[in-house]
Each structure stands twice: as structure tokens, then as C-alpha cells.
Amino acid sequence: MKPILIICLGNPLMRDEGIGIRLASELSVHLADSPDVEVMDLGTGGLSVIHAIEGREKIVFVDCAIMGQAPGLMHRFTPGQVRSLKARMRYSLHEGDLLNTLELSRRLGQCPDDIVIFGIEPKEITHGEGLTSKLENNIQQYVQTILKELD
Amino acid sequence: MSKNKNFNVIVNHVTRVEGHGNIRLRASDGKVEHVEWQVPEAPRFFEAMVRGRSFEDIQTIVSRICGICSVTHSMAAIKGIEDAMGIEVSEQTDKLRILCHYGEQIESHILHVGYLVAPDLLGQKSVIPLVKSHPDVVKTIIRLHRLGNMWMETIGGRMTHPVTLKPGGFTVLPTEEKLRELKSMIENAIPDLKTLSEVVFSLADKLPDFNRETEYIALTGPDYYTFYHGNIASTDTDEKVPVHDFERVANEYVVPQSTAKWSKWHRDSYAVGALARFNVNAEKLMPLAAETATKFSLAKGTCNPYFNNVAQIVECVQVVEHGLQLIDSLLKTGLKPEPVKVEPKAGEGVGCVEAPRGILFHRYAFDEKGLCTKANICIPTGQNHGNIQKDFEALAPQIIDRDQDEIRLLLEMLVRSYDPCISCSTHYLNVEFV
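Note that the protein sequences, when read in sequence, are chains A and B.
For the first sequence, our numbering gives the first residue as 54, with consecutive numbering after it.
For the second sequence, our numbering gives the first residue as -12, with consecutive numbering after it.
Do not rely on the hints blindly, as some may be mistaken.
Said to hold, decoys possible - With a Cα cut of at most 25 Å, we get these calculated BS3-like pairs of lysine-lysine:
| no. | chain 1 | residue 1 | chain 2 | residue 2 |
| --- | --- | --- | --- | --- |
| 1 | B | Lys193 | B | Lys287 |
| 2 | B | Lys119 | B | Lys181 |
| 3 | A | Lys139 | B | Lys112 |
| 4 | B | Lys165 | A | Lys55 |
| 5 | B | Lys119 | A | Lys139 |
| 6 | B | Lys248 | B | Lys227 |
| 7 | B | Lys377 | B | Lys18 |
| 8 | B | Lys377 | B | Lys287 |
| 9 | B | Lys126 | A | Lys111 |
| 10 | B | Lys82 | B | Lys153 |
| 11 | B | Lys271 | B | Lys82 |
| 12 | B | Lys193 | B | Lys126 |
Calculated from the structure, these hints are not laboratory results.
All chains, please: the whole structure from these sequences, using the hints.
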């Protein structure tokens, strides 16, 4: 098990919601030979995060995030710096919320201390493949910023 | 008892993209005047996305429809493609697919019972407070959830959104060593499954006592409790309908309160899911699963929708028992590489499998280059919506004199018992900085 794990989340069929998955393929190329870093495309399998992070030293999440910022902006934060605004009815297992999942992991004593989230503000979350140009044009910049986090 | 005889119970579930799943109840003079389950759009937009795409890309695309049912959607698509192009698969592929599919069944059922139902039965709002009040229960759930994840990863190559499944077979086979490891993981999980079963059993009297005669629909197989092969069966008739004719069963129709299509066959609505499969196939359960059903007094003909959760526990035991049998059988013959080369062919086909939450149909047509010209996906949640509405109409008058919070909880629990697929396709963060 490699000590550092980059978990990329999202859905490539929902336009900018798929930014994490797009960056997973880019980062996988850059980090293919890394002895310390693994890149994981976890799609929308949100609760599986609990098992993916257990036993690692550092976790870097890459996900689409509505933060009230300008579309395309990437923001680095830790779970403690934000509060979730997601309304949860618990109707179904399909209401994923990363922050909630991390809280569960923390209470179980399984959550690594070193967690960083790179959130990217979407321009459009709607049905369709491909990112909007606002995000597409920033891909290399996002990749370089995330790689610097690993230095 | 509700002091006010005129009141509304409103539960809003609003997401930015997928629509809504709202509960509306209006009471007047202590009587139910109106009760409604308002539901979101089914994933019709995914059908448009696969049109024009190569048959080789379809299962990858549809696996992203849902993070919980990604193996199921992949398999329905692959079976539909194979049906359209006349592709036969080997016995080895067949067994490995069924095995992979079992990993998803156990993962989804455990998540549903553990994360959504257990908090209701233990009087908590979510699983998080249970870590303090019932730490052993939560740890058991997490270990079983991990088993489901590892199970899918062993065969499908990833915890979710599988990458090894393809029309005709597999891109990569698991090694026999990995299969042996999986076998050992499953065997080691049996005590946890028994513990969870005991916990749910000890709380089963908290499941509401509500029964409504219902038509249940599921796949039925030749000689085992099937999630993968077979024809469509109903508890209302002895007729077995080939999956090619699924539209004759689903009879999708439009209702004013929903942008999603609803379904009915012999009655105004029908139910699919674990309880439906149990009611259709209970006599085919393996010994330990049958014993579990008996322990809960779960018998064929049960029509209490809240008992869907008990049927899920029984099915977890079933897939563990049959899964171990499949692994033994695969190891006995040894895994053989089976290179797959599929030549595209024009045609139309149907793929049908049981998703954890009910029967799922995919229909596709392809041109001679293997490009998709038509797609129709009929999901279990869409088929259950009408039944949730009919349950509401029967349940609400029975509970209308109770406290409004209790009415709200019972209606919410009813929706939860079906585990509908709502807002399944996005998981973006929505945060404010503190």
C-alpha cells in the first residue's frame, strides 16, 4: 500500500461534475512510476472512501465543489475549514457527502490526520460528457498545483 | 395523537440537478385529504448519451449512471450487447460475472441496512451517532461493507465502476490466488453477517406492522435463486415472460405528479427488489439463507414493504453461500485465459439483471458498425414509484391520528425501505468556509 493516496471523485457524464475523473487520468500519467503515490478514480462510490483511506499517511481529494467562488477556481482546504451545505434526507444511499463520510471515518478512528481537498468550482453541472471550457482550459494548471502538494 | 386535526406533512428533498423526491400529506378534520409521493426524473438522459457510441464503450458509460449499482448497469448493458450481436459466453465468464454481481448485492444491502435502516431502528438520525452508542454494530457494518468492496475489486478490477467486464468476457481475469483470498475473506465475514442478522432480529419488532396486498416482480431462474439469469415472474400469475418482452411487464405510463414514468402490470402498481425476489424465489434459497428467513418468520407472501430490509439480510446470506460455491467450482476447474474478439453486428437485444433494488432492463439496437442506434433503460426505482404511492395511500389513513413527527418518520421510513435511486449521479461537494 502506497502511503499517499489521491482520490478523485465525480461523474464524467455530468459535465463539470466530472472534473475529478478527468484529473485522475492526467495525474495517473504523471505519477505512473511514483513509489509513494497512488491515484484512485472512485467515481460516485462515495462511501467506499472509508475503506480506501484506511491505513494511508496522507489523502488528497480532488472533487467538484460548489464554494460560491468563480467558475474554474481551484481551492485547497482541509475538512475542518468547511461546513457542508448539503441537505440530506437519508432517503437513499445515493446522497453522497464526502465530509460526512470523513466524519464517520474519524469517529471510527480510521481516518488519517493529513487530509487535503482540492475543490474546483463548476460552471455547469448538467447531463452531458466533457468539461466546460472554463475548466478544460485550466487542466494543466490544476495538475501542477496538485503535484506541488506532493513535494 | 395529533392535536390539530388540520395539518400538512411536507418533506422536501431538493437537489440542484436531478429533480426532487418529496412527500406531501394534507389532513383535514383528522382525515387524509391528499397524500403524494413526488418523484424525480429517471435517467432517460443517459439513453441519449449512448446513442451513436460504439458497443465497446456502452458498459463504461452506463457504469457511471450510479455509484452503488455500477456493476449491475455494466452487466445489463453487456448482456444487451451480447444478445443483440449473438455472442455466447463461456461457463467461466458466466460464473465470474455472477460472482462479481454478488459483491455489489452485499455491498448495497449492507449499506442500506447499516447506514439507513439501523439508525431508524435504533432511534438515531444517522449512522454517525451510532459510533458512540453502538460501536460494535457500526464496526460490523463497516467490515461487511469492506467485504463487498474487496469482492467487486477482486473480479471487477475496482471497488466501483468495474473495468474488467466487457462483451464476450473479461479484459483481465482474477488470479486463482486472489480468488482464494476472496474465499477466505467471505468465510471470515460469516460471523459478522450472523451478528448483523441478530441485531436486526432483535429490532425487528420496531419495523412497522403494515401490510398491503402487492404484486411482486422479479427474475426467476431455472434452478437457483437468481439475480442474473431467467425470465420475468410475478406473484400474480404463473406466466413467465421472456426478458425480451419486458415492456409488456413494465407498461410505463406518465402521471402528473412525476416527470419519471411509472409502471404497472396486473394491478395499479407493482414492487421490485429484495422482497420481490424473495416472494418469487424463496424456495430456491440455500440452507443458511432459508434458515435466516425462517428465523425472521419471513415467508412467501409477506407484503409488508418494511420487510424489504429483512429480505436484504436473507439475500446477503444467500450470496455468501452461493458465492463460496462458485469460487470452489472455479478453483476446481482452474481459471483459463479466454481471449475475446467481438465482431460488431447489426441487431437489437435486451439485457436484464437484478439490481440490489430490483429488476433492471436495458434494451439496445446497433447498426452494422456496432454503433448504438437505440437505447432504453428501465430502472427499478422507476418501477417502484407507483407502489410507494399506493403504499402511502393505504398507510396514511392508518396512522393519521398519530403525532405529526411520527407520521413523517413512518412515511420517510417507507420510502427508505425501497432505497430509491435519487440523486445518484452526482456527488459534488457543497460547502461554505468557516
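Measure nothing beyond the straight line between the CA atoms of Lys271 of chain B and Lys82 of chain B; if it is 25 Å or shorter, mark the hint as holding.
-> Measuring from Cα to Cα gives roughly 18 Å; hence the hint holds.
Given pair status - Lys287 of chain B, Lys377 of chain B, alpha carbons within 25 Å = holds, 21 Å
Starting from Lys82 of chain B, check that the Cα of Lys153 of chain B is at most 25 Å away, please.
-> holds, 14 Å
Is the straight-line distance between the alpha-carbon of Lys193 of chain B and that of Lys126 of chain B 25 Å or less?
-> holds, 22 Å
Taking only the CA atoms, is the gap from Lys139 of chain A to Lys112 of chain B under or equal to 25 Å?
-> Answer holds: Lys139 of chain A to Lys112 of chain B is near 15 Å, not above 25 Å.
Is Lys165 of chain B close enough to Lys55 of chain A, meaning Cα to Cα at most 25 Å?
-> holds, 19 Å
Between Lys377 of chain B and Lys18 of chain B, is the straight-line Cα distance small enough, at 25 Å or below?
-> Roughly 17 Å separates the two Cα atoms, so the pair holds.
Between Lys119 of chain B and Lys139 of chain A, does the CA-CA distance stay at or below 25 Å?
-> Between Lys119 of chain B and Lys139 of chain A the Cα gap is close to 24 Å, so the pair holds against 25 Å.
Could you grab the alpha-carbon distance between Lys193 of chain B and Lys287 of chain B and see if it respects the 25 Å cut-off?
-> holds, 21 Å
Would you mind confirming whether the straight-line C-alpha gap from Lys126 of chain B to Lys111 of chain A stays at or under 25 Å?
-> Since the Cα atoms of Lys126 of chain B and Lys111 of chain A sit roughly 23 Å apart, the hinted pair holds (cutoff 25 Å).
Regarding the pair Lys248 of chain B and Lys227 of chain B, is the alpha-carbon distance no greater than 25 Å?
-> holds, 24 Å
Take the C-alpha atoms of Lys119 of chain B and Lys181 of chain B, compute the straight-line distance between them, and say whether it is at most 25 Å.
-> Judged against 25 Å, a Cα distance of about 22 Å means the pair holds.
In summary, this structure violates none of the numbered hints.
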